[in-house]
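**Student:** Spelled out, the chains give:
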Amino acid sequence: MSTRAMPNRSSDRIQLLQGTLDMLILRTLLAGPAHGHQIVKHIQRTTEELLQVEHGSLYPALHRLERRGWIAAKWEPAGKDSKREFKYYRLTAAGKRQLGAEESKWKQLTGAIARIMWPAEEN
Amino acid sequence: MRWWHRKDRERDLERELRADLELEAAEQAERGLSPEEARHAAQRAFGNAALVAEDVRQAWGWTWIESCLQDLRFGTRILVRSPGVSAAIVVSLALGLGATTAMFSLLNALLFKALPVAQPERLVVLSHGAGADLDATFPYPQFSLLRDRAQSTADLFAYSAGGAIRLRSAGADVKVQSQFVSGDYFRVLGIRPLLGRLLEPSDDVPGSPSAAVAVLGYRFWQSAFHGDPSIAGRHIMLDSVPFTIAGVAPRGFFGVEVGAYPDILLPTASHPLLYPKLKMLECKSCYWLSIMGRLQPGVGSSLALANLTAVWQPVRRETIWESMPERYRADYFAERVALAPGATGSSGYAGLRTHFTRPLYVLLAMTGVILLIAASNIANLLMARSLARQRELAVRLSIGARRGRLIRQLLTESALLAAAGLLAGVAVYRFSTGSLLHFLESRQPDVYLDTAPDLRVALFAAATVLLTLGIFGLLPALRATRARLAGALAESSHSVASRSRLSRLLLCGQIAMSFALLVAAILLARSLYDLRTFHAGFRRDRLLVIRPDTSQAVRKGGQIRDTRLVLSEIRSLPGVRSASASIVVPMTGSSWQRSFTSAEYAGKSDADYGCYENLVMPDFFRTVGTRLLMGRDLTERDDAAAPHVAVVNESFARRYWGAANPLGKQFRERDKPDLIAVAGVVEDAKYRDLRRPAPPTVYLPLLQAPSTLGWDINLEIWTYADPQSLIKPVRELLGRDMQGVPAKIQTFTDLIDQRLLYERLLTALSTCFGALAMLICGIGIYGVAAYSVSRRTAEIGVRMALGATPASVVRLVLGEQIVVAAAGLVAGSAGALLLTRFLRTWLFGVSPTDRLTLIAGALCLAAIAALATSIPARRAAGIDPMRALRHE
Chain L
1 MSTRAMPNRS SDRIQLLQGT LDMLILRTLL AGPAHGHQIV KHIQRTTEEL LQVEHGSLYP
61 ALHRLERRGW IAAKWEPAGK DSKREFKYYR LTAAGKRQLG AEESKWKQLT GAIARIMWPA
121 EEN
Chain V
1001 MRWWHRKDRE RDLERELRAD LELEAAEQAE RGLSPEEARH AAQRAFGNAA LVAEDVRQAW
1061 GWTWIESCLQ DLRFGTRILV RSPGVSAAIV VSLALGLGAT TAMFSLLNAL LFKALPVAQP
1121 ERLVVLSHGA GADLDATFPY PQFSLLRDRA QSTADLFAYS AGGAIRLRSA GADVKVQSQF
1181 VSGDYFRVLG IRPLLGRLLE PSDDVPGSPS AAVAVLGYRF WQSAFHGDPS IAGRHIMLDS
1241 VPFTIAGVAP RGFFGVEVGA YPDILLPTAS HPLLYPKLKM LECKSCYWLS IMGRLQPGVG
1301 SSLALANLTA VWQPVRRETI WESMPERYRA DYFAERVALA PGATGSSGYA GLRTHFTRPL
1361 YVLLAMTGVI LLIAASNIAN LLMARSLARQ RELAVRLSIG ARRGRLIRQL LTESALLAAA
1421 GLLAGVAVYR FSTGSLLHFL ESRQPDVYLD TAPDLRVALF AAATVLLTLG IFGLLPALRA
1481 TRARLAGALA ESSHSVASRS RLSRLLLCGQ IAMSFALLVA AILLARSLYD LRTFHAGFRR
1541 DRLLVIRPDT SQAVRKGGQI RDTRLVLSEI RSLPGVRSAS ASIVVPMTGS SWQRSFTSAE
1601 YAGKSDADYG CYENLVMPDF FRTVGTRLLM GRDLTERDDA AAPHVAVVNE SFARRYWGAA
1661 NPLGKQFRER DKPDLIAVAG VVEDAKYRDL RRPAPPTVYL PLLQAPSTLG WDINLEIWTY
1721 ADPQSLIKPV RELLGRDMQG VPAKIQTFTD LIDQRLLYER LLTALSTCFG ALAMLICGIG
1781 IYGVAAYSVS RRTAEIGVRM ALGATPASVV RLVLGEQIVV AAAGLVAGSA GALLLTRFLR
1841 TWLFGVSPTD RLTLIAGALC LAAIAALATS IPARRAAGID PMRALRHE
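Protein sequences, first through last, are from chains L and V. Under the working numbering, think of the first position of the first sequence as 1, with each following residue one higher. Under the working numbering, think of the first position of the second sequence as 1001, with each following residue one higher.
Listed below are the simulated DMTMM-like cross-link pairs for lysine to aspartate or glutamate, each with C-alpha atoms no more than 25 Å apart in a straight line:
#1 L:Lys83 - V:Glu1010
#2 V:Lys1284 - V:Glu1335
#3 L:Lys74 - V:Glu1022
Selected chain V positions facing chain L (Cβ under 8 Å, derived; list incomplete):
#4 Glu1016
#5 Asp1020
#6 Phe1046
#7 Val1056
#8 Gln1058
#9 Ala1059
#10 Trp1060
None of these hints come from the bench; they were simulated from the model. Heads up, the beta-carbon is just placed ideally off N, CA and C, and yes, glycines get one too.
Based on the sequences and whatever the hints tell you, model everything.
**Tutor:** Dropping the structure here:
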């Protein structure tokens, strides 16, 4: 299972690093509970459609995170007047800690990559 | 999350996916698409929903357990859906597996199982001899010196089967199998008493009165004393000598001799109490004790042998038999001492290991063949089924199922079958081991084999199942899932040539193996029939044999007169045609041998003078049915006062006088001057082995034998009707005449049957196996033919629509099988030749390549094949063309 970044007009797929999707999901949920579809849409909108999250990757990731206790799920109606229910995921305390950890790891990683890629800017 | 909440989660997942899908569709619809288009667009965005769900399930973990459970459930459903095929597979597996394991467990008990003692791997068995010709018995003086001098190398102990002894105690009067053991026996073996105490070195002091103690074997304690817990200290009489019971040996301890289980164990020092005249403890030429030992810690077997060899020659010098003739001395001192591992016990004199091992190997091979036949059946049935499911599998492959998953599914089904087969096989195994042992024990009462299944048997069974289903289950699975999607989907169930080639090959092999087994069974059955019926020089039926155990009786000088009296009384019983008596009853295995010579004869070696001998009462030949060819029978007048006469057989006459008329010719024992005249000549009669040619035999009048006879005199009675009916009156008569001397009364047929124990065992079992093979093979042929008909339904329909007659359709179906059967028979003939080579020892009067047997076997199998094919063939002939064409 992997997250794939899909440039809008290109068929080339950029394979993102393993576990990135988990981090993105956790970060999305930091804003508040959301169901699967909302999470997909949110990621797509925020990255201006640069990252396409496939359902085939999203749901397994959600269930995996739930199993680890980082997120919790509950069936709730979409709004006060709506009858339709969706499975809303929200961040747990453990999930917040995990998000923090992943964030700092990610920062270190991107920092390290940046230093190799653009050494001139370092100075 | 728990995997057993799976159903809820499954529903939850479906709901979640559906909700999001609907939302996506709703959003698409908002953009102005029609509901239909919106739904399609949403589905496109989602991708393969089933695959998404499968991936999520993987994220749940536990998937392998779940999918295994799934496989199990699905497999069970599939198996239950075709109960006939499943039952056929389970039954063939159970039969093959059960029979094979039963044979193996007997072999295991006979050869491989370690003795039930502490550290059996440290035990050694002693023997002595020159070259490969080893003797495993020793005189007592040699044993006692060896034991004392080899102490630093090994703790030696001795034992010897003591034969049957009469035991009397309060409430018990039975014959028991005794064994004499040295005082160290139990201590060295590391056996602890179940009750009381076991024998100790202090019990085994020659000459001491305290030697009159006995230890009971567990089985005997149970059967004769019903497990009486207060048995220790009880006084008993052994052959009218008082003994005290010291204790009881633990359950499962049968001694060190595989195949035997002594009832009672006595110290060697008590031997003189029971048999004072034999003086076995002093006798230097009586080889009667088997010696085993436990190596001292740190002593390896090569060091042990070196140490023992150093001790051996002095011991032999000191214990040499004083009156040993000079010519034997060189041989005596040339003998070396030898050591063999003793972990699995000694072969002993029970003879079970010596005589039963080879038949068991043959039977194991036969059951192995049965298993192979069953396994090819299983492969064929599985293959037919997986082909029937080809479309299902193809569909599953095409919607994204992984091949491994499908193979696992098919293997799960095999495993289910294996489990069922294993369970049923255990039942078959228990039944066949039990009945085999029962068969042996009922014919050979002293036989004991510990066949309790151990790890080795369990591993054997497990390996057998795994191999059988691994190979024969995996093969069809691999074939069935071979990715030929488009082909499989398009061609539906038409012509899958390679499969039917393989299945025909399997079938051919099956027929070949069944044929080989069948031929073996027929050959053995014919041999047994011949052995039981051919004219061996005596009659087989209407003959009653009475063998009194006179060793129990007070031996009076007047015994022969008594015999005459007994005979005349027996002759007056209603139903008796004639009666006689002899020292040796043919076929009992006992023999008397002496060297005779005549003035006309000059033999080269000692063996050329060796003859078999029997002492008989008058009327012996008429009674046992040996034809008198020349001269006269022995009569009452040929007694001690008359000149020495004899009746000889043809071989004897031919050896000593060639073609000349032997009547009146004289011969004598080699070292004695007394001449004996030939009074009559009888036909050659087998002496103790039905297979060997009759040896030169002399029949001397019992009435002329020296009066100091201490031998058992046996009686033979020729009856008008069933000899069984005379057993009771004869026993009553003997009860009066012989003062309570126990006698074994049996028909001659039974006596010979006892000698043919292993032939009968082999024949009975191989007949069963042959029948079993035919049955399994028949099922196989039926299965393949039925499958082939259902596969070709459409084709046959077309043929019939075009004018083929039902008869020609039957020919079509039969023809296909006939080719396979014929090929199988040809291959089977080769297999039969191979298999029957190992049977040569047990064959009699028939060659392993006997043409009649081969033809009979072939006809038998052809009949089975025709029968098995006729059902599907009839079904094919009844196919309705219209229906058949719509069939696809």
